[in-house]
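S.K.: These protein sequence lines map, in sequence, to chains A and B. Number 209 in full-length UniProt numbering belongs to position 209 of the first sequence; there are no gaps in the numbering. Number 220 in full-length UniProt numbering belongs to position 220 of the second sequence; there are no gaps in the numbering.
No wet-lab data here; the hints were simulated from the structure. Fair warning: there could be bad hints in the mix.
Stated by the list, open to error - DEER-style ranges, computed between Cβ atoms: (1) B:Ala14 <-> A:Thr86: 54 to 64 Å; (2) B:Asp69 <-> A:Thr38: 32 to 42 Å; (3) A:Thr173 <-> B:Thr3: 41 to 51 Å; (4) B:Ser211 <-> A:Asp125: 47 to 57 Å; (5) B:Lys195 <-> A:His230: 43 to 53 Å.
Claimed, not checked - These stretches of chain A come out as covered by chain B in the derived footprint (C-beta under 8 Å, 3 or more residues): (6) 59–65; (7) 74–83.
From the three backbone atoms N, C-alpha and C, an ideal C-beta is built for every residue, glycine too.
2 protein chains.
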Amino acid sequence: MTTAALSPDELEEALRTHVKGYHHQHPFHLRMNNGESTREEIRGWVANRFYYQLNIPKKDGAILSACPDREVRRRWVQRIVDHDGTTEGTGGIEAWLRLAEAVDLSRDEVEDARHLLPGVRFAVDAYVNFTRTKPWVESVASSLTELFAPDLMTDRLAAFERHYTWIDPKELTYFRTRIVQAPRDSDHGLEIVRKYCTTKETQDAAMSALSFKCDVLWSMLDAIDLAYGHR
Amino acid sequence: MTTAALSPDELEEALRTHVKGYHHQHPFHLRMNNGESTREEIRGWVANRFYYQLNIPKKDGAILSACPDREVRRRWVQRIVDHDGTTEGTGGIEAWLRLAEAVDLSRDEVEDARHLLPGVRFAVDAYVNFTRTKPWVESVASSLTELFAPDLMTDRLAAFERHYTWIDPKELTYFRTRIVQAPRDSDHGLEIVRKYCTTKETQDAAMSALSFKCDVLWSMLDAIDLAYGHR
Numbered sequence: 001m002t003t004a005a006l007s008p009d010e011l012e013e014a015l016r017t018h019v020k021g022y023h024h025q026h027p028f029h030l031r032m033n034n035g036e037s038t039r040e041e042i043r044g045w046v047a048n049r050f051y052y053q054l055n056i057p058k059k060d061g062a063i064l065s066a067c068p069d070r071e072v073r074r075r076w077v078q079r080i081v082d083h084d085g086t087t088e089g090t091g092g093i094e095a096w097l098r099l100a101e102a103v104d105l106s107r108d109e110v111e112d113a114r115h116l117l118p119g120v121r122f123a124v125d126a127y128v129n130f131t132r133t134k135p136w137v138e139s140v141a142s143s144l145t146e147l148f149a150p151d152l153m154t155d156r157l158a159a160f161e162r163h164y165t166w167i168d169p170k171e172l173t174y175f176r177t178r179i180v181q182a183p184r185d186s187d188h189g190l191e192i193v194r195k196y197c198t199t200k201e202t203q204d205a206a207m208s209a210l211s212f213k214c215d216v217l218w219s220m221l222d223a224i225d226l227a228y229g230h231r
Numbered sequence: 001m002t003t004a005a006l007s008p009d010e011l012e013e014a015l016r017t018h019v020k021g022y023h024h025q026h027p028f029h030l031r032m033n034n035g036e037s038t039r040e041e042i043r044g045w046v047a048n049r050f051y052y053q054l055n056i057p058k059k060d061g062a063i064l065s066a067c068p069d070r071e072v073r074r075r076w077v078q079r080i081v082d083h084d085g086t087t088e089g090t091g092g093i094e095a096w097l098r099l100a101e102a103v104d105l106s107r108d109e110v111e112d113a114r115h116l117l118p119g120v121r122f123a124v125d126a127y128v129n130f131t132r133t134k135p136w137v138e139s140v141a142s143s144l145t146e147l148f149a150p151d152l153m154t155d156r157l158a159a160f161e162r163h164y165t166w167i168d169p170k171e172l173t174y175f176r177t178r179i180v181q182a183p184r185d186s187d188h189g190l191e192i193v194r195k196y197c198t199t200k201e202t203q204d205a206a207m208s209a210l211s212f213k214c215d216v217l218w219s220m221l222d223a224i225d226l227a228y229g230h231r
């Protein structure tokens with residue numbers, strides 16, 4: 001066991017390979033991408049994942065609140081704008097609500113959280129609490145699951161267009177948008193972690209933060225799979 | 001003593017008249033507006049007030065993090081953008097740094113906080129902690145000291161241009177910008193408080209929050225006056 005700090009490149013490589021439990025490997029997502037999900041599973045996933053979407057700006061607000069680096073904040077604030085939009089009817093949360101309508105959920109039943117599973121709520125709340133209480137660079141590191149998002153989104157978009165033709169492909173905007181935004185976001189996150197995590201301690205903390213975030217996403221899917229999964 | 005809730009108009013009136021201890025009445029600011037401040041006093045004030053400016057985006061990030069209303073967040077996020085700017089060399093914090101240079105402080109000595117007084121630090125930190133721990137509508141109410149900011153800024157700008165001619169008037173941009181931004185910000189804050197504070201309890205909390213914020217600003221000036229004031 002070494003106690004030496006890694007170089008920025010070694011750290012990046014470690015972060016990329018470290019992530020073994022990213023949720024695209026979860027049985028629920030494997031079945032989804034294979035076209036095996038029922039409408040009920042898709043609806044349960046969309047309704048529950050909405051709670052995650054809803055909390056993204058709260059997470060990013062917490063990071064802004066903790067971050068003393070103006071240059072970082074100037075770029076990070078864009079995530080909140082992307083997600084909330086700039087006017088009624090725009091932004092990532094709105095795009096997710098349109099996806100919900102396309103899978104025959106009403107806005108009301110998604111927004112009032114009647115389908116929200118306790119396990120999903122606890123996982124998402126744990127993520128927001130993490131960003132409110134941990135050093136901001138660890139919160140940034142936790143966001144690096146986005147490193148894997150573009151591939152995941154590309155595969156998911158293809159799967160939806162191919163297998164779930166009952167969903168209007170026009171309403172898959174959220175996935176299409178994230179394919180563009182996620183690389184920009186993860187590039188920025190990586191840049192920060194490479195710059196700030198230069199000691200063994202902070203590098204270990206970054207790795208732990210990324211593992212924690214993988215656990216959040218995985219745990220959400222466990223709860224969703226248990227409630228809606230036909231296995 | 002009544003226990004009935006106020007109408008929105010009554011609440012607004014109460015908030016406007018409630019504020020008795022706003023810091024424009026502090027002896028330090030009265031002397032400043034009368035042209036009686038020494039260069040040392042101005043410099044001490046600029047260097048210490050910078051810590052407040054620096055923490056504004058952290059306060060606003062905390063409010064975003066706590067606020068579940070997307071429409072509110074869409075408008076509130078502009079405060080962070082205003083303060084941090086969009087590129088190097090823009091925004092309110094940068095404008096304050098230029099003011100610092102105009103009063104013959106170096107950027108370094110302002111940014112490294114070597115002049116920062118404990119009383120100022122404690123007051124500003126109390127404000128950020130308030131917004132991180134209190135209900136978000138109370139944090140919004142605490143921001144309503146901005147109701148009084150345009151008049152204060154107009155008077156201050158006039159006083160600086162008239163009495164402190166050793167300061168390049170070009171570098172008073174911060175004050176000029178806030179004369180425009182503050183009414184927009186306080187209009188939004190008032191709109192939120194009028195909408196959400198409809199019970200006696202929430203209205204009392206809003207009044208307390210505004211008093212608290214007045215105490216923050218007053219306490220900062222007490223510390224500055226004690227350290228730099230020639231009385």
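S.K.: Any hints from earlier that this structure breaks? Give me their numbers in increasing order, please.
M.R.: 1, 4
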